[in-house]
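Please model the entire structure based on the sequences and the hints provided.
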Amino acid sequence: MTRHHPSRREFLGSSLAATTLLATGFTLPGFLARTARAAVAAPDDRILVIVQLTGGNDGLNTVVPFGDDRYHKARPTLRIAPDAALKLDGKGGVDGLGLNPSMTGFKDLYDRGLLSVVTNVGYPNPDRSHFRSMDIWHTANLAPEKIEDGWLGRVVDLTAAEGAAPPALVLDDTPLPLALKSRTLSVPTVSSIDAFKLGELSPDVQQAITKARSTASDDLLFVQRTLVQSVDNARRIDHVAGDRAPAAAYPDYGLAARLRQIEQLIGAGFGARVYYTSLDGFDTHSKQRLTHEPLLRELSGSVAAFLAAIEARGLADRVLVLTYSEFGRRVKENGSQGTDHGAAAPMFLAGRACRPGVHGGPIDLADLDEGDVRHKIDFRQVYAEVLRGWVGVDPAAVLGGTFSPAGVLA
Amino acid sequence: MTPRRTSTLDPYQPGTHGPWDTPAVCHLLRRAGFQPSLAEIQAGLKDVGPAATARRLVQGEPETSRARELDDISGSVERSQDINAVRGWWLKRMARTSRPLHARMTVFWHNHFATSNEKVMSAPLMMRQLETIEALAMGRFEDLLLAMSRDPAMIIWLDGDSNIKGRPNENYARELFELFSLGVGNYTEQDIKEAARAFTGWHQRQGEFRFFERNHDSSTKTVLGHKGNLSGEDVVSIAVEQPACARFLATKLLAEFVTPHPNPDLVDAFSRCLRDNDLHIGNSLEVLLASRAMFDPAVRRARIKSPVEFVVGACRSLETKVPVKAVVDSVNQMGQRLLEPPSVKGWNGHRAWINSSTMLLRLTGVQRLTAPDGAGMLDAAQLRSRHGLDSKQKVLEFCRAVTLDSSVPPEVAPSIDSLEGQHDGQLDTVLREALRILMSTPEYQLA
Numbered sequence: 001m002t003r004h005h006p007s008r009r010e011f012l013g014s015s016l017a018a019t020t021l022l023a024t025g026f027t028l029p030g031f032l033a034r035t036a037r038a039a040v041a042a043p044d045d046r047i048l049v050i051v052q053l054t055g056g057n058d059g060l061n062t063v064v065p066f067g068d069d070r071y072h073k074a075r076p077t078l079r080i081a082p083d084a085a086l087k088l089d090g091k092g093g094v095d096g097l098g099l100n101p102s103m104t105g106f107k108d109l110y111d112r113g114l115l116s117v118v119t120n121v122g123y124p125n126p127d128r129s130h131f132r133s134m135d136i137w138h139t140a141n142l143a144p145e146k147i148e149d150g151w152l153g154r155v156v157d158l159t160a161a162e163g164a165a166p167p168a169l170v171l172d173d174t175p176l177p178l179a180l181k182s183r184t185l186s187v188p189t190v191s192s193i194d195a196f197k198l199g200e201l202s203p204d205v206q207q208a209i210t211k212a213r214s215t216a217s218d219d220l221l222f223v224q225r226t227l228v229q230s231v232d233n234a235r236r237i238d239h240v241a242g243d244r245a246p247a248a249a250y251p252d253y254g255l256a257a258r259l260r261q262i263e264q265l266i267g268a269g270f271g272a273r274v275y276y277t278s279l280d281g282f283d284t285h286s287k288q289r290l291t292h293e294p295l296l297r298e299l300s301g302s303v304a305a306f307l308a309a310i311e312a313r314g315l316a317d318r319v320l321v322l323t324y325s326e327f328g329r330r331v332k333e334n335g336s337q338g339t340d341h342g343a344a345a346p347m348f349l350a351g352r353a354c355r356p357g358v359h360g361g362p363i364d365l366a367d368l369d370e371g372d373v374r375h376k377i378d379f380r381q382v383y384a385e386v387l388r389g390w391v392g393v394d395p396a397a398v399l400g401g402t403f404s405p406a407g408v409l410a
Numbered sequence: 411m412t413p414r415r416t417s418t419l420d421p422y423q424p425g426t427h428g429p430w431d432t433p434a435v436c437h438l439l440r441r442a443g444f445q446p447s448l449a450e451i452q453a454g455l456k457d458v459g460p461a462a463t464a465r466r467l468v469q470g471e472p473e474t475s476r477a478r479e480l481d482d483i484s485g486s487v488e489r490s491q492d493i494n495a496v497r498g499w500w501l502k503r504m505a506r507t508s509r510p511l512h513a514r515m516t517v518f519w520h521n522h523f524a525t526s527n528e529k530v531m532s533a534p535l536m537m538r539q540l541e542t543i544e545a546l547a548m549g550r551f552e553d554l555l556l557a558m559s560r561d562p563a564m565i566i567w568l569d570g571d572s573n574i575k576g577r578p579n580e581n582y583a584r585e586l587f588e589l590f591s592l593g594v595g596n597y598t599e600q601d602i603k604e605a606a607r608a609f610t611g612w613h614q615r616q617g618e619f620r621f622f623e624r625n626h627d628s629s630t631k632t633v634l635g636h637k638g639n640l641s642g643e644d645v646v647s648i649a650v651e652q653p654a655c656a657r658f659l660a661t662k663l664l665a666e667f668v669t670p671h672p673n674p675d676l677v678d679a680f681s682r683c684l685r686d687n688d689l690h691i692g693n694s695l696e697v698l699l700a701s702r703a704m705f706d707p708a709v710r711r712a713r714i715k716s717p718v719e720f721v722v723g724a725c726r727s728l729e730t731k732v733p734v735k736a737v738v739d740s741v742n743q744m745g746q747r748l749l750e751p752p753s754v755k756g757w758n759g760h761r762a763w764i765n766s767s768t769m770l771l772r773l774t775g776v777q778r779l780t781a782p783d784g785a786g787m788l789d790a791a792q793l794r795s796r797h798g799l800d801s802k803q804k805v806l807e808f809c810r811a812v813t814l815d816s817s818v819p820p821e822v823a824p825s826i827d828s829l830e831g832q833h834d835g836q837l838d839t840v841l842r843e844a845l846r847i848l849m850s851t852p853e854y855q856l857a
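Protein chains in written order, with this note's numbering: chain X, 1 to 410; chain F, 411 to 857.
Certain hints may be false.
[Unchecked claim] Straight-line alpha carbon distances no greater than 25 Å define the calculated SDA-like cross-link-like pairs of lysine to any residue that follow:
(1) F:LYS755 to X:TYR123
(2) X:LYS287 to F:GLN616
(3) F:LYS529 to X:ARG75
(4) X:LYS287 to F:ILE574
(5) F:LYS529 to F:ARG489
(6) F:LYS804 to X:ASP204
FYI, nobody ran anything at the bench for these hints, they're computed from the structure.
All values reported here derive from a predicted model rather than from experimental measurement.
Laid out in structure tokens, this is it:
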């Protein structure tokens, strides 16, 4: 089937934002007011890609302290044997750590100096509820109950400029994560590029969607803005998504498919600075081995393929990948060959911008917090460094405080 | 001393507190069910006020033969082992049922006890959980909570089979307090540990609940201040007796039926109502649905339709065919994969339904439904003949009623009015055009 790709002039003409809404004085996020012209990112724009590991990733079977007897004693059925772990050399002054044997993709990145492993990441008084802990990571606030925007949402608010592309995009099957909730606009959430197609709308339908209402509740305004933005995004994605061939081969995983589409949007100059996706299933309370290693294989293989494709496009200097999970898991395995909710865990950064090696120090299994790994690095230290050193915004404006850099960027 | 009635739950008196007109009737029917059909609206208008309508909704009318036919095939759906078949059967029954409130409450409890087939991996067990929920959805909460504690799909979902004396698995106990009965802050980590022991030995074998005495920890436990050789049944009773339980349910039920942001007075009042009714859901809802709080102008159109409400509501109000695959696919893609909720917390609902991807799907769905072939669902000619819509005025009046409660916003009204001067002799086209405009409005996304 041949698709009709509108020229810029047609695109301008059909832009809902440029017609009805502005004409009626509806206040609109800046990026909607312009057109595809702004969709091509400036060549030096740096892009942050986040992969959220949902469910609480078992850090100890991801970055394995294979040199510590306590680990082997605590994990009689789940332990990774010393000869199976993919050993990380002592960069960062930490010995006795290795990656899960399924993470050959990450091991290769590490060996090539493209992976930063940050151990012992968490926050004070760890919460072991999935939802509250994820909210803490998403809001970058230890009391997230009253916080309505996310740390990346604040980045969106700080960087959404008149005429710019949408600053962030979620490519996932899930609803918008709290991390990307912004005060000024609805960050586009796209399950797939293909799901984002819209035929012609009649003028009456366009007007029914866009015409500013004389009275409107907050919810109605929210729905209306999102409707308008979805139509605008559909036109915008349609406009840039002509180049559909991936720049490298990807393995056959769901995460790989999502990252492949992110690569295509980046390559086509969609213009977002932050892309967000997730990998779910890390809540491994029972028979962990059956699911955890395949998930790590999916993570490692998908990210490695993504970076290879980014490199093939000549964009390797512009893309940084970051992963996190809401918490790690208890040191001692439970009676179901699984692990229960824990505390500190590793983060990964991948790409040329990261400082390769292991940061965050050794994993101390002698001094635990209620059976869980204690944090030595506050996740907001990592956020702070990435915000200042990569995204280019003032971390204090996003995090509401000062956090010393974790030393994860080159 | 007679308890002082809380004014916010006083009955809404038509005339004194406001009219009992099409917008009021549609509001109640949509909240306690789905986007109503013309017949449902007309039946509501014949009631003297919301009390009678609420009573009919809670008691439930006899099922139609078309809905009963679906009950007859439930066994074969269960045996099919196909989770999409179960979804389709469920959605089709929602579209056909004469008991829309029961249908909504069944989805509500599915979301509350959010169990996913991704882990259970058994369509028959998911179907049986659904039937258990449906049977108990409108009764006492304690009965439902106990039934869920013994439900085989739930036991698989929250690792009951590995909850064994000496090595308890806390998964069910934690969610019992956090998500099923009390909410965060109303129990301690120690309560979870002790409650987990009370549920040791509650297993399933071949899809049947079984209590394994030898796996059960019968030593003393202390849960929420109660000490003794507590059983799982005891823990359920202790949980539902907590004042926090009524508050927790009140907040969730108010979000479902009245407003996502209930004020503290309303939560207090409805918590008391639930407690006074022994946490009997149907009896409590009957009070709520006919109350002044229900018809507060501030709560009208203040809820965002879920994908199920959006799709099933369109089917019911437009009396469409219900092609199972298309309906299942639509609801799935709009973000509500029934029987596979995103986590044990269920769907967040309200604004979380809305993003630029799901909005696009709703728009394209309306475009397809109102195309000349009606997506194989909407039969304009039949709809017109069924309701005697033999003039443009009648067609437009019908369309306004079954989409926007006959109160079309002034920004949209001229487009609809102008259809009276177009498409002469093509009433089916007028019907489809009007529906396409009305159902694309932001207002139509709100319940």
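Verification of the supplied hints:
1. A threshold of 25 Å between alpha carbons decides the hint, and for F:LYS755 with X:TYR123 the separation of about 23 Å falls inside it, so the pair holds.
2. For the given pair, X:LYS287 sits about 19 Å from F:GLN616 by alpha-carbon distance, which is consistent with the 25 Å threshold.
3. Pair hint F:LYS529 plus X:ARG75 holds up; C-alpha atoms about 24 Å apart against a cutoff of 25 Å.
4. For the hint pairing X:LYS287 with F:ILE574, the CA-to-CA distance comes to about 15 Å; that is within 25 Å, so the pair holds.
5. At most 25 Å may separate the alpha-carbon atoms for a hinted pair to count; F:LYS529 and F:ARG489 meet this at roughly 19 Å.
6. Simply put, F:LYS804 and X:ASP204 have alpha-carbon atoms about 20 Å apart, close enough for the 25 Å limit, and the pair holds.
When each numbered hint is compared with the structure, no violation occurs for any of them.
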